[in-house]
Amino acid sequence: MTARAVITGIGVVAPGQPGRENFWEMVVKGRTATRRITLFDPAPFRSRIGAECDFDPEQNGLTYQEIARTDRAGQFAIVAAREAVADSGIDLGTEEPHRIGVSVGNGVGNAISMEQEYRKVSDNGRQWLVDQGYMVPHLYSYVMSSSLATEVAWATGAEGPTTVVSSGCCAGIDAVGYAVDLIREGSAEVMMAGATDAPIYPITVSCFDTLRASSTSNDDPEHACRPFDLRRNGLVLGEGSAVFVIEELEHARRRGARIYCEVAGYSARANGYHMTGLRPDGREMGEAITAALDEARINPDEIDYANAHGSGTRQNDRHETAAYKRSLGEHAYRIPVSSIKSMVGHSLGSIGSIEIAASALSIDRGTVPPTANYEERDPECDLDYVPGTAREADLDVVLSVGSGFGGFQSAVVLTSPRRIR
Amino acid sequence: MTTSVVTGVGVVAPNGLDREAWWQATLDGKSGLGRIGRFDPSRYPVQIAGEAFGFDPADHAPQRLVSETDAMTQYAFGATNEALADAVVRPEDFSDLEMAVITANSSGGVEFGQRELQKLYADGPQAVGAYMSIAWFYAATTGQLSIRHGMRGPCGVLCSEQAGGLDVLAQARRVLAKGTRLVVSGGTDASLSPYGLVCQLATGRLSTRARPDRAFIPFDPEAGGYVPGEGGAILVVEDLDEARARGAERIYGEIAGYAATFDPRPGSGRPPGLRRAAELALADAGTLPDAVDVVFADGHGVPELDRAEAEALTALFGAEGVPVSVPKTMTGRLYAGGAPLDVAAALLALRDQVIPPSVNARPDPGYRLDLVTHSPRKARLRTALVLARGYGGFNAAVVVRSV
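Chains as they are written, first to last, in our numbering: chain P, 211 to 631; chain D, -15 to 387.
None of these hints come from the bench; they were simulated from the model. Take these hints with a grain of salt, some might be off.
The calculated lysine to aspartate or glutamate pairs, modelled on DMTMM-like cross-linking and capped at a C-alpha distance of 25 Å, are [as the list claims (entries may be wrong)]:
#, chain 1, residue 1, chain 2, residue 2
1, P, LYS535, D, ASP80
2, P, LYS330, P, GLU460
3, D, LYS103, P, GLU460
4, D, LYS14, D, GLU206
5, P, LYS239, P, GLU586
6, D, LYS103, P, ASP333
7, P, LYS535, P, GLU460
8, D, LYS162, D, ASP107
9, D, LYS103, P, GLU325
10, P, LYS330, D, ASP24
11, D, LYS162, P, GLU460
12, D, LYS103, P, GLU602
13, D, LYS162, P, GLU602
14, P, LYS239, P, GLU505
15, D, LYS162, P, GLU505
16, D, LYS162, P, GLU325
17, P, LYS330, D, GLU82
18, P, LYS535, P, GLU505
19, D, LYS162, P, ASP333
20, P, LYS535, D, GLU82
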């Protein structure tokens, strides 16, 4: 392996107020953004809770044209990408455009626009032979997720390898892994990498209702998502985006960039078992963790913090807890393991990148964010889940994991710039 | 250094529901384009498409899997079965973690999604089926294939419209280089529900011609858009030494080079990126343009895009400097399935030493292309270049080469 990939800029649009620092302040204070859904009237649904972004596209600097042609997911991504570029201090105008690539993770595309426009052309579900008289000009961009990568490329002037990575709920990790591979092989020097999703709309909410996977704590939405807690009752849908400037190490050094962390190892594994099911033994996620550590050439006992998938379903919590024990051994009991989904919900294809943002910031700020709402211990989940309050800690190696529909599991290992020699 | 080779090819296409049927039809110039049959297209300006008529998913997967999948995934079931059989993959030769699935997708399971959206709005949230969550999303096909065939290695899904079908082959090569032994890759798409068609109409790039033989004629002076199609191809990709060691019966060719670029944002005045993608892919393959024996062009059928591609090709190869083929005139553009099908065509062209025709297109002499038009052309073929462009600015190029 020759080239190394480092994160030099972070942009976040997370539930609550947009912006990296708003996001970080919220998660270290253990505040939750979960609330009764406002994006539509959730009354007819089983789960009526979401973690929503208080996002105004105009106030966040989007042009009229960008607003007119993009879905909410695209708007999040553009804003996060611009914040990442500003944060990194990189002058994209002086970079070779074809050495800048884009890798955007996503789960459900431009879901809100696709559904809204469907209602118009179908007369609200009455017509199978939908009426093209009500078709909007950007409709094709709404049915494809690839338009999200187009928007990030246009926002940053990238002309290198550009794609959407769409492996469901692991996409936010996989998009970063993809970017790192492109930098290591020399296909790009700078990658705009991250993820975005805006799934809080009736069709997606219906899907999770049908699967009975989402929380029904409708009377107490602020405490609805309770990863690893005995009284958990499901996930809470979220939305948002995190985008990074990921650079080849020497490129970052030449311009004197501030380095948040190195992306030292990544891996993806599939369970080959079930589209939505997980076995309690933690095998597949454990394998993903081990493979990511192998790639990073890091021993399990060097991990200082595990940023958990922690979706708030019993199935995941058991699988994930078992996975840490399988892959890290006794060390699993010695490290903090926390899930920010308790605060920002599960934004499907985006959450992996939002969690990588939290992990990178945890190294940078020397702070482990807590698991909010964790109160009652589950005998099946007996690790240190950092209940309620953030902890100061010197973090050299942070693990972040994800798991999703399709049977996918991914893991990424971030290391402090102190470890870069 | 890994040499990634294709050892199995599976196809579901509008002009042939398996590899050899499609290939024979392609060489015979038999088109699969016709009037849309899945629904009555009378009210739409586009009535011609390439549909995989006669494909019965029950021939390729148990009923349980048919119920929980969209047609896009069902085509992949068929093509994957064929590709694995073609590669003579014996499950005992591989552990589950040594195999992976990496597919391209473009618009998800649109027909399945339209049906569930209709239930949601006509009948309420409780009417939405449990399989919507796993059938519609872009990762459905990779997930289902991974489970069906017990392939647990580094799986993936890439979406860059038509270009994504080449991006996944590069990703397959990457994971092979990291130690995975076998990758099922390629793509299939099926976006011909009424809502899917109307989404595509919004681009203004679809052909509104009523005659199937004049609807999709890339590089023709009368080109007036493209015809959408469905289906695609699935390839089994392995490391050459590994494939030989396990006694793989056929090695179609090497995925020798690849590159992807993105067009400058509109209004920048900078040139499009297709030519650079081709140049970088040739460099990646360690090949000069004069070693390329045939080009499978993107062949969009939209005049300004045809001109841009012709300019890229003449800049690289000179005027009429290389035979060019667009067999997708017989299938339509298959989105995520289109480029893998072109790679399949390139590999079978290498196998049979013949260039398939681009039926119906009569090239504009101003483009100065050596387009293989009415009938197949025998030729000595060792190296082929496959180009793909995805809506929104994506460009990709792959070089395949005989081993």
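Item to complete: Could you work out which earlier hints the structure fails to respect and list their numbers in ascending sequence?
Response: Violated hints: 2, 3, 7, 8, 12, 13, 14, 16, 17 and 19; rest satisfied.
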